[in-house]
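Participant: Residue numbers (full-length UniProt numbering), protein chains in the order written: chain A, 1 to 805; chain B, 1 to 515.
Treat each hint with caution, since some may be false.
DEER-style ranges, computed between Cβ atoms [as the list claims (entries may be wrong)]:
(1) Lys312/B - Asp227/A: 16 to 24 Å
(2) Thr203/A - Ser313/B: 15 to 23 Å
(3) Arg213/A - Glu398/B: 25 to 33 Å
Since the hints were made in silico from the structure, they are not lab data. The beta carbon of each residue, even a glycine, is placed where N, CA and C say it ideally should be.
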Amino acid sequence: MSKLSFRARALDAAKPLPIYRGKDMPDLNDCVSINRAVPQMPTGMEKEEESEHHLQRAISAQQVFREKKESMVIPVPEAESNVNYYNRLYKGEFKQPKQFIHIQPFNLDNEQPDYDMDSEDETLLNRLNRKMEIKPLQFEIMIDRLEKASSNQLVTLQEAKLLLNEDDYLIKAVYDYWVRKRKNCRGPSLIPQIKQEKRDGSTNNDPYVAFRRRTEKMQTRKNRKNDEASYEKMLKLRREFSRAITILEMIKRREKTKRELLHLTLEVVEKRYHLGDYGGEILNEVKLNRSDKEIITPATLHNGNHHKIQECKIKHPHHPSLKEEASDVRQKKKYPKKPKLESVITPQQPTTEPLPVISKSDIKQYDFHSSDEDDFPQIPSPVSEPEEENDPDGSCAFRRRVGCQYYAPRLDQTNYSCENSELAELDKLRHRHCLTTLTVPRRCIGFARRRIGRGGRVIMDRISTEHDPLLKQIDPEMLNSFSSSSQTVDFSSNFSRTNASNKHCENKLSLSEILSNIRSCRLQCFQPRLLNLQDSDSEECTSRKPGQTVNNKRVSAASVALLNTSKNGISVTGGITEEQFQTHQQQLVQMQRQQLAQLQQKQQSQHSSQQMHPKAQGTSTSDCMSKTLDSASAHFAASAVVSAPAPSRSEVTKEQNTTHNNINGVVQPSGTSKTLYSTNMALSSSPGISAVQLVRTVGHSTTNHLIPALCTSSPQTLPMNNSCLTNAVHLNNVSVVSPVNVHINTRTSAPSPTALKLATVAASMDRVPKVTPSSAISSITRENHEPERLGLNGIAETTVAMEVT
Amino acid sequence: MAEVGEVTEGCRLPVLRRNQDNEDEWPLAEILSVKDISGRKLFYVHYIDFNKRLDEWVTHDRLDLKKIQFPKKEAKTPTKNGLPGSRPSSPEREVPASAPASGKTLPIPVQITLRFNLPKEREAVPGEPDQPLSSSSCVQPNHRTTKRKVEVVSPATPVPASTETTQASVFPQQNGSARRAVAAQPGRKRKSNCLGTDEDSQDSSDGIPSAPRMTGSLVSDRSHDDIITRMKNIECIELGRHRLKPWYFSPYPQELTTLPVLYLCEFCLKYVKSLKCLQRHLTKCDLRHPPGNEIYRKGTISFFEIDGRKNKSYSQNLCLLAKCFLDHKTLYYDTDPFLFYVMTEYDCKGFHIVGYFSKEKESTEDYNVACILTLPPYQRRGYGKLLIEFSYELSKVEGKTGTPEKPLSDLGLLSYRSYWSQTILEILMNLKSENGERPQITINEISEITSIKKEDVISTLQYLNLINYYKGQYILTLSEDIVDGHERAMLKRILRIDSKCLHFTPKDWSKRGKW
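Please work from the sequences and hints to get the whole structure.
Facilitator: Now the structure itself:
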């Protein structure tokens, strides 16, 4: 027996250990205790806990008995397994699938609300259910959204309404309940949530904060630097993505709100129309009643202009001051330039402005602020102030005057079927179309109505009648003999005469009959006068002012078109004196009044369709308009262009040096009350709008006179313009008409959607947008007609005056 | 004889407790908290040298006021008066450390008021300088920024750290040994530093918040332990058919801790405050099994693998539930680096959770289990061993050896020891002798076969007293009673993992970026 070495070798895990069993076992007394050789392994427990009574008891019991004894187990708090309502709670059965269950990680988060209704909620629900139907899930979704939208600050009722797509009453009820419940709630949220860490580290020792993010020191063994850098980048990316998402969400919400606003506005307009609240009295009353909160009053729709709008109340929530300030600035700019007669605008604009001023970026910018999904974006882009520097319309851009009023449409227009002669007469008065002839080209253009636009341009609204082919045959020469007499007809007498002639016009059949009507002054025919008449006319005009203001009501009801002069499109120079305008305008008023009546009947069918829908949308009107344009104006336009180069009648020209006294007008057929639409639509439906100065319909209370004007130009007219340049130099009278958009309309059956949109956008704006419609349109046109671009530019420089006859 | 009103936090006195044999005992207990419910005082007591899970609220008639010991102000008193082993941060040690630094009040409604009992009655310990207390006698229990590591190296620590160095035990096989050595004696350290007010002010002035390590799921260092986490906060949890009495603190939302019963959805483990809410939740929750992939099924037993990163809400809910029964589990960090293996038992209602273990996707310390738990209703029926066996089956597939994360709990130690013993003995007893020679085996071989880490094999052999030194070499001896005991135990062990039923492909997480 070898003497055992006192110190045993260390236990080698790689060395085989022989196993002795049972009777083979050596006498362990011979064995040396190995305690020193093999270090005692720790238990892996905390020392303090290791000494706990129950554990020690259990360990010793195990060592003694080699199995657990019931009394030696470590006691634990009891658990019960007798929840008797279990089967009622967990309904239904679940069949074990044959295959192993495999779950798609992204199928997990279904869109169920995290909030679970409690019995208190159920009481409310039962109460609410007496009045309306609300399902528990619906309620939970509402609370869930409210909870998740609130952080430290509860969402407001306004926000809640945006958040919840429910009935207002229901939202109010649930919201109030939620606020109350939230106040009584001990936790930070009605949806119990694990406390989150705070970034400032103040929660580092808060025992209730759990699941902190492991951001600070990521366990990065390899490429530590790399990992951290890319991790940072990912974080950044994530932040940016979420910001993009937020922005998109906000845009979405805004657009929805805008749509809502539009619908509401429509509704208000409709209601007001039915109530006859044209002056806005009822609206004001209503507003006053709920003036506790700032209400966004329905903004003007582009077709809602007939109503009086309190501009000052239309506050954009974000920029109320900005807006008012802006309009102030506008007025200051505008009014000093108008001498005595506010209605006549003689723009002092430089004739040409560099084209690039309005750029595509403007449009894009605009598009960003007001998305394409919106049919009628009306909220002015909030950041318009700086861009207005680039506004090509400059001081001539339209800005609605604060407190301006719109007048009610005449009620009788809905009463067409009524045979009441009085009403019919009134109607006819309003439709002031008169037979019109032009000096250059020398022909009769049928029935038209004139308006004066901004800058003194004369806009002719043509109307198509069944007599158009007939009227076309009329040679202005035929009327020459009595034209002067017709012009000097006093208004009052004119008035009666038109009334008298009403009956005749119904059955007008032949050319000779018309001519005889004209001769006998039963039918008024407008012809431009020679200039030597102007002095007397202007006197006449001023003397008759009171009378006109009376008429003005109707005039503005028919909507005065304001012309936006564009820097790049057509430049308008102040080549025409105020007196000339005055004179001319005077004529127009007279002529129209006379002819209106006669045309009335013929137009009824056409008008009624439009007028029955006072809030007809742009698109529908556009259809209607393109028809009329096609049928009526196309002929005229074509002939006008053709005949333009023809030597015009020699005119006395005082300002021969002004070569740019062009006020080109397009004659557009339109019902009076529909001028607004038609003008807009003509513009918007035409890709050639660039040429057409955008007419913004507006009730301008300072405009005392009805001056129809529409300035137009187009690539198509360019050659003509050039050729007749010399002629034009001699013309200083109010000039006509290059009916571009007619051309274009006939050519392009489908209106350019972008142009349409922009035009409508512009038209429906309360304030001048940073991209003015005309500029926007013209730039679009530039895109559309790239080859014609040069031509367009040329027009800007060599716009040619043409004479209206 | 003291009055009931004088019984404050930190007092120690015998408290009546009925043991599992239904006998009355009067173990020494420490008062952790006092609360007043409609005029009736309740005392939260921790039975010294019993596990925290037995802590409870008791009425005054269970207190033996005759033998009350009022808390000592001095730090070293507890170790000297022969009452070691209670949890660290007992109030009387806590006070001096935290009070000076924190004048702040905390947002948490403090139902527990810790009042330091001004030591009028305390026996002065000879040799110990009597340190007068600072004026503050009120404690914010959950405010402790003290980090033990800082304490050790802190030059500002005025009290010589003599006692704790001798008591600090070193775990040689743990690579975090330095930290652990420090951490192993948190209470003592704090005791030694209890008067070092400057230490705390230093802590708060440098503003660096202490945070636990980011790996692993368990804490042994109790730097984040405080009076809040020492006390159970949930009274009862209803989970499926079961009503569980939690053993430890769990950070469920604070507003839910006052409820008599916290309701959990049996399948997604969502916590709601009332039965009505649970009812509503169940109309929306269509889970009938843990939301993961089933990787094992035999009979009614299934295992589901859940990725802590991909399925955060379930993982967190599971952790919250598990924390109720795992003292050392930490929920400080998110669940991203863990996989959760949930064991279920199927019946017609669905796959009911029985227990689970979590596992780090990448362990630097050969851990194959982070936390492991059999839910109380299923305990002592072999499920724990099944979970352990399954965890080693996974390690076998991975071709690695593994060990559970430390520290082990008492029940964990017993279960693992039992599993190791049975597994190793099974191998040893099945060894056949080759060509007449005595069968032999290396420790490495055992480790390879079982995937049990070498150290655990050795400790088990030692624990079973199988290793002996005989004739210049180590031998393994299987005595009769060992063999008998093993055979008896194996007869009872019916539930086994069948490796053929495991459909598991380990993923190489290191190549998958971060978790």
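Participant: Decide, hint by hint, whether the structure agrees.
Facilitator: Here is what the structure says about each hint:
no. : hint                            : in the structure
1   : Lys312/B - Asp227/A: 16 to 24 Å : holds, 22 Å
2   : Thr203/A - Ser313/B: 15 to 23 Å : holds, 20 Å
3   : Arg213/A - Glu398/B: 25 to 33 Å : holds, 28 Å
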